[in-house]
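Line by line, the protein sequences are chains A, B, C, D and E.
Following the numbering used here, the numbering of the first sequence begins with 427 at its first residue and continues without gaps.
Following the numbering used here, the numbering of the second sequence begins with 318 at its first residue and continues without gaps.
Following the numbering used here, the numbering of the third sequence begins with 47 at its first residue and continues without gaps.
Following the numbering used here, the numbering of the fourth sequence begins with 47 at its first residue and continues without gaps.
Following the numbering used here, the numbering of the fifth sequence begins with 567 at its first residue and continues without gaps.
Think of the hints as simulated: they come from the structure by calculation, not from any bench.
Wrong hints could be hidden among the right ones.
[Claimed, not checked] When the alpha-carbon atoms are kept at most 35 Å apart in a straight line, the in silico DSBU-like pairs for lysine-lysine are as follows:
{"#": "1", "chain 1": "D", "residue 1": "Lys-199", "chain 2": "D", "residue 2": "Lys-225"}
{"#": "2", "chain 1": "D", "residue 1": "Lys-108", "chain 2": "D", "residue 2": "Lys-199"}
{"#": "3", "chain 1": "B", "residue 1": "Lys-533", "chain 2": "C", "residue 2": "Lys-174"}
{"#": "4", "chain 1": "B", "residue 1": "Lys-459", "chain 2": "C", "residue 2": "Lys-108"}
{"#": "5", "chain 1": "B", "residue 1": "Lys-459", "chain 2": "C", "residue 2": "Lys-225"}
{"#": "6", "chain 1": "B", "residue 1": "Lys-459", "chain 2": "C", "residue 2": "Lys-155"}
{"#": "7", "chain 1": "A", "residue 1": "Lys-636", "chain 2": "E", "residue 2": "Lys-763"}
{"#": "8", "chain 1": "A", "residue 1": "Lys-458", "chain 2": "B", "residue 2": "Lys-509"}
{"#": "9", "chain 1": "D", "residue 1": "Lys-199", "chain 2": "D", "residue 2": "Lys-174"}
{"#": "10", "chain 1": "A", "residue 1": "Lys-616", "chain 2": "A", "residue 2": "Lys-668"}
{"#": "11", "chain 1": "E", "residue 1": "Lys-714", "chain 2": "A", "residue 2": "Lys-512"}
{"#": "12", "chain 1": "C", "residue 1": "Lys-103", "chain 2": "C", "residue 2": "Lys-278"}
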Amino acid sequence: DVLDTVKDRGTLVCGTLGTSEPFSFQDPATRKVVGYEVDLCQKIADHIGVKLEIKMISVAARIPELVAGRVDVVAANLGWSPDRAKQIDYSYADYVSPQKILIRRSDADKFKTPADLSGQRVSAVSGSSSEAGAKRLIPDVTTVTFKDPPTAFLALQQQKVSGFVGSELMLLKFKQQSESTPVKLDILDKALFTEPWGVGIRKGETALLKQVNDTFAGLEASGEGEKIFEKWFGKDTDFYSKREFKLEEIKG
Amino acid sequence: MLDILSNNWLLLLVGQYPNGDMGGLVATVGLALSSLLLACPFGILLALGRISSHKVFYYPATVIVYIVRGLPLIMFIFWAYFFVPIVINRPVAGGTTMVVALVFYESAYISEIIRSGIQALPAGQLEAGRSLGLSYIQTMRKVILPQALFNTIPSILSQFISTVKETSLGFVISVHELTFAAAQINNMLLTKPFEVFGLLALTYFTLNLILTGLVKLVETRIANSRILAAQG
Amino acid sequence: MIEFKNVSKWYGDYQALVNISAQVTQGEVLVVCGPSGSGKSTLIRTINRLEPIQEGKILIDKTDVHDCGSIDEMRSHIGFVFQQFNLFPHMNVLDNLTMAPIMLKRARKRDVEEHAQALLERVGLAHKANAFPGELSGGQQQRVAIARALAMKPRIMLFDEPTSALDPEMVNEVLQVMKGLAMEGMTMVCVTHEMNFAKDVADMVWFMDAGKIVEQAPPADFFTNPQTDRAKKFLADIRH
Amino acid sequence: MIEFKNVSKWYGDYQALVNISAQVTQGEVLVVCGPSGSGKSTLIRTINRLEPIQEGKILIDKTDVHDCGSIDEMRSHIGFVFQQFNLFPHMNVLDNLTMAPIMLKRARKRDVEEHAQALLERVGLAHKANAFPGELSGGQQQRVAIARALAMKPRIMLFDEPTSALDPEMVNEVLQVMKGLAMEGMTMVCVTHEMNFAKDVADMVWFMDAGKIVEQAPPADFFTNPQTDRAKKFLADIRH
Amino acid sequence: MNYTLDFASLLSNGYPGLILRGVATTLEMTALAWLIAFALGSLLTVLRTLQIRVLDYLIVLYIAFHRNVPMLVHILLWYFGIAAIVPAFINDRINFLGGEFFYSTIAIGLVTAAYVSEDLRSAIRSIPHGQMEASRTLGLSYLRSMRKVILPQAFIISIPTLTNQTLLLFKNTSLAMAIGLIELTGAGREIESATFKTFEVYLVVTVIYLSISLVLMFVGAYLSKRSAFRAR
Ligand SMILES: Nc1ncnc2c1ncn2[C@@H]1O[C@H](COP(=O)(O)OP(=O)(O)OP(=O)(O)O)[C@@H](O)[C@H]1O
Ligand SMILES: Nc1ncnc2c1ncn2[C@@H]1O[C@H](COP(=O)(O)OP(=O)(O)OP(=O)(O)O)[C@@H](O)[C@H]1O
Ligand SMILES: [Mg+2]
Ligand SMILES: [Mg+2]
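Just need the whole structure built from these sequences, with the hints factored in.
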């Protein structure tokens, strides 16, 4: 099974996005990929006792890459959904994300709740659970999907769409970015929906799944999980938020 | 634009290397080069099939060429992306996927180039070889192909330029080539898409302009040596 | 040595050879002539199966050329010289001569090269061994082409209008080489309009018209006393 | 009608026309002849400004061709027939004739087509109206080309060696058409080597050499009694 | 590879409609971009025959730029880059109509125009000079001669190469997927990411592409056979 392969190979290949601060993103100075999810992957690798190899994948390719065996685990903003749970296995939740909608501040009067965007075009990252959620929850919406979050953001700024559906944290960063540009953005208060995120593992790879869950359980117990969270989401970061979840099983 | 270049030239040139796979411009050229080199043998085989009088060779080769001409490269990339790992039962890197797709795609185009190169040779060359007692294959190898390949070098080099451009599709499956690097920069800067993609366009432009110059150079050289050969 | 038995050949609907039966004996020098389109090239090209035939047989030393084990083996004993020389432009003269023998015979490379040099000497081109065909005159190229055919040590030599693509001043140098060969007893079939060559060295002349051999006679008879009107007219035309 | 006044033309450094002054009157049939390269084509092409001139003037009915409002308007009254026919291969014969009149004249399409049919009748090709140029023989093509020029109802017709690209058996059919035109009083300038045509219908012959008109005479005088050595030699050459 | 094909799940959830809309988008885009390419390509060709120095340089630059930079980069440049610098009110209009379609159609049309103009130019060069002279002699102006005499012939001569360009253009519309347009490839991807029936989806998409391509090739062959100047 995969766990044996990983041990033989001596490396754990972890798929991350690389375009999603602070989960995984490129440090411009070192051109290395770093972030919350990268740290978690590191912990898993340490737990198994192998080296970590980070592989950047696009949002749409997360599940195919995993199923095709090009990566061992996926820690890439992977929201839990019943459909997906049929395709792959999920580890304990490593994050819980409200999915919200980013709009242009100039439209703030028009769009107050997600439902106001019915009949509009909204951008999302292709293959993301936000895309599916938008389609499911906003009536008559047209989704325009992009390969990565920044381009979906750009589409909103360039008025190509009226809203951008994504996880709150990601949107928060873009909102801040927009403050230095002519087109300022705001996030709708009301979340479209909330979803837990987890590490994805190929179906049936129970040994590897157990290793991951053990790692997470250990992190939770030792308080190290909290620390890693603090490092990326703490007070001195741009992404200050409270940790309202535990590394524990996702209840579907 | 200049400050974007000076801040990110390394990423454009080699991608994340050495912290990751080789990327950027170097990967673009490397992908194009390796695909085209690998495509050449297949192209030759296909060309031989296309000129063969045996139906068993002619029809499969022709069908392959038509299929490739009829499908967008991106379809090949998707097929390779999802099915090469299944077929060989082993994970495959994005670069490899891209090379597999490009080899498929380019083989067909190269085969058409080589075929026309072969058909441009006087029929007497094949007859002369066969009359000496050489077999069809021997004649092809020693007489026809050396001439046809030599004469088609410029067209094959032009195909290299096309291939360089086609590697940009690697972006779609996150192969770390030049376009991908530019997209990364765009994602970091966020508000300078015109500058970033303009810079990207200029990079390709310069690279291919240099290559075009090279093709012209080789072309004149070959034209000159052809005159030498045709004097008699 | 070469025997045509009821040979017929069609290009699509057009019959280019009509039921030809005739033979060439060992050591014979045969000249084939006739008006344009009469089937001379077709005939000579069937001898080494450059053209397939649809009916009849062609035997060389009792072997059916069009139904034999390896035509390649067969062809390696039959030299063929083309109107357009067809030297390999990407090889130098020596390689043109040695390529086939090295590939096909189990001879040592050195021996093959020595033989090739001797042949070049014989056609008067020893000094051009390293030249490329493109650097030679037409007459020189055709002499190299003859040497190339001889390098395979053939038992028969076929010539299809070897001098028609040459400027007049070069015709003779090629004919001299061919005459030398004829003198040495090579079996030769030559399609040519060089009537003086025929008079000087041919043992036999075939006159073809419309895919048939209309007359077969030794040159002395053919030129002085042609039997058919067609041949008379042809000879008159050739003399202007 | 056509008047050359001190016309000079250079191709780069080479002077192709040297200070030419001469004139052609209304209804005159002029034949221009002379050795190859003497400037005949250049001369006739300056008349409708296919070639620019550097010095002098060319007047047609008092209008300076090389300095007038619209050369296109001017040209539409001057028919030009080329050695290479230059029919439009993508249009059928009728369209070749009607395209320009329909575009340029405010005539009704039906009238133009009727006129075109009449012209085709006249050149003996009424039955070829729907054929494409590629399906016609050279002689037929040239006759269509003449009809095409006539379809614009020109006041002058220029011919630049209209029969030199034709097989001998077709020359006559074209000359017949030209003779017919001459008889009807069309003003014509013909560069041609057909001396019989000149003798039969020309009112005047210009003999050119080295960019100059060396002799100007009625054909009777020119052919029986050429004045210059150049012309004598030229006439001797032409008669073989 | 034990894999059971399951086309049934592609028939649910309005997926057939999605594919059909994708095909329609692809074809619309092909048609519009084709119009741009052929109109602009012809215009550039005619402008070049005028031989105005400055204009020539500009056109040569245009052609070089469009031929040497990958189509995908042109699309990105237009969609993100140019869009960032055009005035907002124009952009609003465009976005209202669907920026993905609009910009990629423009990009593809402009690039193909460069190729078309090169093809037409070499076709025009192969038309004897006498054709222009004959037309001018009849009194047609330069532009009218171009329109009625030279260009029609150039188009006929270049039917084979233009067919090829059309085919490439059609295939290139698949690149618009990279900016989120749901054309045929995009529709395929969308269904694929929802159903994970990769093989089935791409099989369907591939067959559709191939069928349309074969129709285009057939039409091209038919046209060039039909309108060849009869027995020149
Ligand atoms: N490949 C071919 N396909 C169809 N017809 C052919 C072909 N080759 C030759 N022919 C026809 O067969 C007839 C005999 O041709 P062949 O070349 O043998 O004549 P020839 O006597 O060698 O004439 P020449 O003196 O002109 O070389 C001619 O009518 C020719 O048109
Ligand atoms: N486009 C050109 N550029 C340079 N020189 C030219 C050009 N056209 C013609 N000439 C030269 O001008 C001279 C006159 O040429 P022209 O064609 O008028 O001769 P011609 O009397 O018509 O000869 P021919 O009987 O061969 O048609 C020749 O020496 C020719 O080489
Ligand atoms: Mg012959
Ligand atoms: Mg002339």
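So, going through the hints one by one against the coordinates:
A C-alpha spacing of about 17 Å is found between D:Lys-199 and D:Lys-225, which places the hinted pair at or below 35 Å, so the restraint holds. Restraint check for D:Lys-108 and D:Lys-199: satisfied, since their Cα atoms lie roughly 20 Å apart, inside the 35 Å limit. Taking the CA atoms of B:Lys-533 and C:Lys-174, the gap is near 33 Å; set against the 35 Å cutoff, the hint holds. A hinted pair counts as satisfied when its Cα atoms are at most 35 Å apart, and B:Lys-459 with C:Lys-108 qualifies at roughly 32 Å.
In summary, the hint linking B:Lys-459 to C:Lys-225 is supported, as the alpha carbons are separated by about 31 Å, within the 35 Å threshold. A threshold of 35 Å between alpha carbons decides the hint, and for B:Lys-459 with C:Lys-155 the separation of about 17 Å falls inside it, so the pair holds. Our distance criterion of 35 Å between C-alpha atoms is met by A:Lys-636 and E:Lys-763, whose separation comes to about 28 Å. With a C-alpha separation of about 22 Å, the suggested pair A:Lys-458 and B:Lys-509 falls inside the 35 Å cut-off, and the hint holds.
A threshold of 35 Å between alpha carbons decides the hint, and for D:Lys-199 with D:Lys-174 the separation of about 21 Å falls inside it, so the pair holds. Taking the CA atoms of A:Lys-616 and A:Lys-668, the gap is about 18 Å. The hint holds against a cut of 35 Å. With a C-alpha separation of about 65 Å, the suggested pairing of E:Lys-714 with A:Lys-512 is violated against the 35 Å cut-off. For the proposed pair C:Lys-103 and C:Lys-278, the alpha carbon gap of about 31 Å is at most 35 Å, so the pair holds.
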